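Participant: Modelling step: build the complete structure from the supplied sequences, incorporating the hints.
Protein chains: 2
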Amino acid sequence: MLLAVRRLRSLSLLYPTFSPRRRLPPLFGVRGKVSISPSLPEFAGKISTSPSLPEFAVTPRSVDFNAWFQDVIAKAELADDGPVKGTMIYRPYAYKIWEAIQKYLDVKFEKIGHRNLYLPQLIPNKFIEKEASHIEGFSPELAIVTIGGGKELEEKLVLRPTSETIVNYAFDRWIRSYRDLPCMINQWVNVTRWEKRTKPFLRTLEFLWQEGHTAHATFEEAEKMALQMINLYKDFAYEQIALPVIAGRKSKAETFAGATCTYTIEAMMGDKRALQSGTSHNLGQNFSRAFETRFMKENGDMQHVWQTSSAVSTRLIGGIIMTHGDDTGLMLPPRIAPIQVVIVPIWNKSDEETSVLEAATTVHNTLTEAGIRVELDKSNQETPGWKFNFWEMKGVPLRLEIGPRDVTNKSVVVSRRTVPGKVGKEFGVSMEASTLVNYVKSRLEEIQDVLLQRAISFRDSNIVDVSSYGELKEAIAEGKWARGPWSASAAEELKVKKETSATLRCFPFEQPEGDKKCFMTGKPAEEVAIFAKSY
Amino acid sequence: MLLAVRRLRSLSLLYPTFSPRRRLPPLFGVRGKVSISPSLPEFAGKISTSPSLPEFAVTPRSVDFNAWFQDVIAKAELADDGPVKGTMIYRPYAYKIWEAIQKYLDVKFEKIGHRNLYLPQLIPNKFIEKEASHIEGFSPELAIVTIGGGKELEEKLVLRPTSETIVNYAFDRWIRSYRDLPCMINQWVNVTRWEKRTKPFLRTLEFLWQEGHTAHATFEEAEKMALQMINLYKDFAYEQIALPVIAGRKSKAETFAGATCTYTIEAMMGDKRALQSGTSHNLGQNFSRAFETRFMKENGDMQHVWQTSSAVSTRLIGGIIMTHGDDTGLMLPPRIAPIQVVIVPIWNKSDEETSVLEAATTVHNTLTEAGIRVELDKSNQETPGWKFNFWEMKGVPLRLEIGPRDVTNKSVVVSRRTVPGKVGKEFGVSMEASTLVNYVKSRLEEIQDVLLQRAISFRDSNIVDVSSYGELKEAIAEGKWARGPWSASAAEELKVKKETSATLRCFPFEQPEGDKKCFMTGKPAEEVAIFAKSY
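Sequences listed follow chains X and G, in order. Going letter by letter, the first sequence gives residues 11 to 545 in my numbering. Going letter by letter, the second sequence gives residues 11 to 545 in my numbering.
Calculated directly from the structure, the hints in this document are not laboratory data. Treat each hint with caution, since some may be false.
What follows is a set of in silico ranges between Cβ atoms, one per label pair, in the way DEER data are often shown [what the hints assert, rightly or not]:
hint, chain 1, residue 1, chain 2, residue 2, range
1, X, 379, G, 118, 18 to 26 Å
2, G, 76, X, 77, 53 to 61 Å
3, G, 379, X, 136, 34 to 42 Å
4, G, 231, X, 359, 51 to 59 Å
The following residues of chain X were derived to be distant from chain G, with all beta-carbon distances above 12 Å [unchecked claim]:
hint, residue
5, 69
6, 108
7, 153
8, 205
9, 217
10, 265
11, 421
12, 545
No farther apart than 30 Å at their CA atoms in a straight line, the calculated lysine-lysine pairs in the BS3-like style are these [to be verified]:
hint, chain 1, residue 1, chain 2, residue 2
13, X, 166, G, 161
14, G, 113, X, 451
15, G, 307, X, 140
16, X, 136, G, 113
17, X, 161, G, 136
18, X, 118, G, 209
19, G, 95, X, 209
20, G, 113, X, 118
21, G, 166, X, 161
22, G, 118, X, 121
23, X, 507, G, 136
24, G, 307, X, 388
25, G, 307, X, 206
26, G, 118, X, 388
27, G, 166, X, 206
28, X, 136, G, 533
29, G, 140, X, 95
30, G, 161, X, 307
31, G, 388, X, 136
32, G, 508, X, 140
33, G, 209, X, 161
34, X, 166, G, 95
The structure presented is a predicted model; accordingly, all values stated were derived computationally and were not measured. Idealized CB from N, CA, C, for every residue including glycine.
Facilitator: Set out below in structure tokens:
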């Protein structure tokens, strides 16, 4: 085995452009360019720590957060640039995270009564133009098809940047009376927005999302739905991806183009910037008036429907990376990790290989049968140390190490992604099926909780309560979030943005009690608002 | 209750453009324009047959197959036209069928080793031009984005008609050595092809599909994969959607633009036209040479990878409609039916309502817990007769009717979609949980099998073995498929097409034994080919 590795190494010296890589693992077959360094230390026997190998080195988060983010995306094999500048390839490992998000949300949506469907992505330009603020908001970002089947088209067609307009085309066909309401649909699709500055997962020309759309008989019902959706997103963020988002209402200036009111969940990234991670909109009758989407009330009167829309996107994956990742790589919350547990078998002499792999396979099967997503890395192309680095970069929450002595003792060694090095290891955990399954399950729950608690602490220690504009400036200058009473004008909101680069992220639903005075104007304020620099 | 219905009816006379409809059912919330006819007969008590109501009337299949197809799509609420001519809206009921197809295939693909991902839909025009026959085949169908963010783009961007080119861009980044092979990916996406003549599900400007792409170290491995995929599709078609497709190889003339060899599954629709229902392609090194996608062999040599691609699309839903549907509407194979069983409670006096609904709910829960997809239609807006018609139009395989007498007897009445009228009814089927569950499961299996067997009989009785061109012409003129030995030239294949409108669908994998003579030239032939008119 080692001979083969050595031969490859010498090949790699002969062919400098060729990076020999490890065999494809069963679960995520497409590997990035990870070269085996000629200076790779050769581990023999059990490894108790995971020294960083050069090929897994990333720019430290503290040095350059953006460079760190890009490095982790590349080395954890999450995404690649597409051939068109600003587009991206979602690689299988990232796509699997998206599938986990879809699976969870789809059940929740269906419970509420949303039905999945698919609406065309080609939207007549005149549709987009129908709702005044909608076209104003989206026109700078549109991608337009002008040629079809070799001919110049008579009408330009827009690639959907969002689907409110075409939804109203459909609702208009389906909704006649109050008995057809509420009408609730959802689609998981690609959308296109011609953004000037792009960044993988956060802002690309094309991205994946879900968009929910509903129509109701009254304003109140629409309002209730918009709130229900943002709270559904909030619960999802807390429970599944360990993002302690703050839910609230957007200011008028930050409201969705075409909405009466926008609700948001805002997450604090590792560099303390805010990430708008999901939104729901009460659209009022803005689109139904533009598209004449009406229904007959019980009393026979005709009325425009009241609508909502809501969305989360693959941006959430960016949020997961930037909230939990560290200088060793990705750190995935167990509930959405494609691989929750990796088993690394360790042997020295070839006569140990059989018994170690046999025990590792048994453990693999035991955990798989218990519904745990587990990967057995039995490749013999790399050292255990290499594997430790690789799976840590991939953010796998738990690692089980099984060496010859563990086989004898019928036990495993456990490492948590959340506690690096020897200190985080647990030795002698029994291999016995029921013990191990319970142990692993509770450890995964614990890791899920640790990630959330860490993020909450980080968030809370970086929000400053301010009572003057000066204090806000100071907080923002330190990179923190500022929270303070606000009842000033849109012009003053713009002034804050211009002078500090911070925007009003939201008026949080959770508000302190008592009388408040606007930190900007000194006038009475009903609510506190949060200001922060954002992505 | 009846009062309310009457009031709505009179309203519908006052407002002729307004069609009052029944309340939204829990599962598929968006109903089409099904108007309650003023001449609706009022059923009281148990209904034993399902007389056709005018609002569910469709053009008979025998009169105009195309009109029948369009009628069923509208009345079973499968699809609507999109605002751009040639596009379509996949309504929730059809989308649910697509999700069932996805769910089944995803498991199969993953078992083979395919990994889901997402590649950008925007492809630089120069990519499409790289492979000569690919651009020749696709250029008439391209939709092209020329404006982005308000500016004319420097390079025109093509909306993917298929992804071989961008796949090679990605493979080129990911594949270095033989150890990275095979590389197998899959994506579920929208694709765009600017077709001149469109038809819902069969051919629209935009449609949904999955596309699998693989790269291998040898021609033989690629060939094996292409065959494995077409056989996977074939098994799926037989087992899940009861389409007895014929698998085979395409002629050179019908081979995919860019492939070395194309395999196909061909299904016979209710009007005997052939529907190409899935394809897999051995791409050879055509794309890897165009894109310089190379790998290092074990001996150190560099070589272009050998590739395959394969796809099935929402066209399959069209195939399901046109294979199993009848003049009463859709008929869905139980394995992919969104609703496998509908329960229609029937009561006369209001004091019966409670006990009937209670029993129906119990049955609903029993079947749901057994993993059966069941819908309880307890709406009191329509008569049982209306509901019978409605759910028959929707193609629900089994209907359980529960009236007051059934409650007393602790039994249900069962109707199969495959056997219309009183003759198909079974009375007195016990409500007892284990009995009913077993009964329903075996009935669903039986219906699945009946649909397949019917389709097989229909197919086999409409394929004619021919030994001369005259016989072929005769068979085609009768609307049938012609099967006969073929070793003639592409020019002669074109002649058949021009003179009869039939094309060479495939050389089936299953071949008769013995010596054969080409029915066109009289020269020795190695294989029989199937000719048919197709969609």
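Participant: Confirm or reject each hint.
Facilitator: Each hint, compared with the structure:
At roughly 21 Å, the beta carbons of residue 379 of chain X and residue 118 of chain G sit within the given window of 18 to 26 Å. The supplied range of 53 to 61 Å is met by residue 76 of chain G and residue 77 of chain X, whose beta-carbon atoms lie about 59 Å from each other. Taking the beta carbon of each, residue 379 of chain G and residue 136 of chain X are about 50 Å apart, not inside 34 to 42 Å as hinted. One distance hint, 51 to 59 Å for the beta-carbon pair residue 231 of chain G and residue 359 of chain X, is violated here, with the actual separation near 34 Å.
The beta carbon of residue 69 of chain X sits about 21 Å from the closest Cβ of chain G, which is more than 12 Å, so the claim that it is off the interface holds. With a closest Cβ-Cβ approach of about 8 Å to chain G, residue 108 of chain X is found to fall inside the 12 Å limit, against its non-interface label. With a closest Cβ-Cβ approach of about 5 Å to chain G, residue 153 of chain X is found to fall inside the 12 Å limit, against its non-interface label. The claim that residue 205 of chain X is not at the interface with chain G is violated, since a C-beta of that chain comes within 12 Å of its own (minimum 8 Å).
Chain G draws residue 217 of chain X into its interface by the beta-carbon criterion, the shortest separation being 9 Å against a cut-off of 12 Å. Look at residue 265 of chain X: its CB is around 22 Å from the nearest CB on chain G, clear of 12 Å, so calling it non-interface holds up. Annotated as non-interface, residue 421 of chain X keeps its C-beta farther than 12 Å from every C-beta of chain G; the closest such distance is 32 Å. At roughly 19 Å from the closest C-beta of chain G, the C-beta of residue 545 of chain X stays outside 12 Å, upholding its exclusion from the interface.
Taking the CA atoms of residue 166 of chain X and residue 161 of chain G, the gap is near 14 Å; set against the 30 Å cutoff, the hint holds. Of the supplied pair hints, the one linking residue 113 of chain G and residue 451 of chain X holds, its CA atoms being roughly 27 Å apart against a limit of 30 Å. Restraint check: the Cα-Cα separation between residue 307 of chain G and residue 140 of chain X comes to about 59 Å, which exceeds 30 Å; the hinted pair is violated. A distance of roughly 37 Å separates the Cα atoms of residue 136 of chain X and residue 113 of chain G; the hinted pair therefore is violated under the 30 Å criterion.
At most 30 Å may separate the alpha-carbon atoms for a hinted pair to count; residue 161 of chain X and residue 136 of chain G meet this at roughly 18 Å. Simply put, residue 118 of chain X and residue 209 of chain G have alpha-carbon atoms about 34 Å apart, too far for the 30 Å limit, and the pair is violated. For the proposed pair residue 95 of chain G and residue 209 of chain X, the alpha carbon gap of about 35 Å is over 30 Å, so the pair is violated. Taking the CA atoms of residue 113 of chain G and residue 118 of chain X, the gap is near 18 Å; set against the 30 Å cutoff, the hint holds.
The straight-line distance between the Cα atoms of residue 166 of chain G and residue 161 of chain X is roughly 14 Å, inside the 30 Å bound, and the hint therefore holds. The hinted pair formed by residue 118 of chain G and residue 121 of chain X meets the criterion: a straight-line CA distance of about 28 Å does not exceed 30 Å. Only pairs whose Cα atoms come within 30 Å are accepted, and residue 507 of chain X paired with residue 136 of chain G is rejected, the gap being roughly 42 Å. Between residue 307 of chain G and residue 388 of chain X, the direct Cα distance comes to roughly 23 Å. Compliance with the 30 Å bound is thereby established for this hinted pair.
Of the supplied pair hints, the one linking residue 307 of chain G and residue 206 of chain X is violated, its CA atoms being roughly 42 Å apart against a limit of 30 Å. The suggested pairing of residue 118 of chain G with residue 388 of chain X holds, with an alpha-carbon distance near 24 Å, which does not exceed 30 Å. Distance restraint check for residue 166 of chain G and residue 206 of chain X: the Cα-Cα separation of roughly 18 Å lies within the 30 Å cut-off, and the hinted pair is therefore satisfied. The hinted pair formed by residue 136 of chain X and residue 533 of chain G fails the criterion: a straight-line CA distance of about 61 Å is larger than 30 Å.
Proposed proximity of residue 140 of chain G and residue 95 of chain X is supported: the alpha carbons are some 19 Å apart, at most 30 Å. Restraint check for residue 161 of chain G and residue 307 of chain X: the C-alpha separation of about 46 Å exceeds 30 Å, so the hint is violated. Proposed proximity of residue 388 of chain G and residue 136 of chain X is contradicted: the alpha carbons are some 42 Å apart, above 30 Å. A threshold of 30 Å between alpha carbons decides the hint, and for residue 508 of chain G with residue 140 of chain X the separation of about 48 Å lies outside it, so the pair is violated.
Taking the CA atoms of residue 209 of chain G and residue 161 of chain X, the gap is near 21 Å; set against the 30 Å cutoff, the hint holds. The straight-line distance between the Cα atoms of residue 166 of chain X and residue 95 of chain G is roughly 13 Å, inside the 30 Å bound, and the hint therefore holds.
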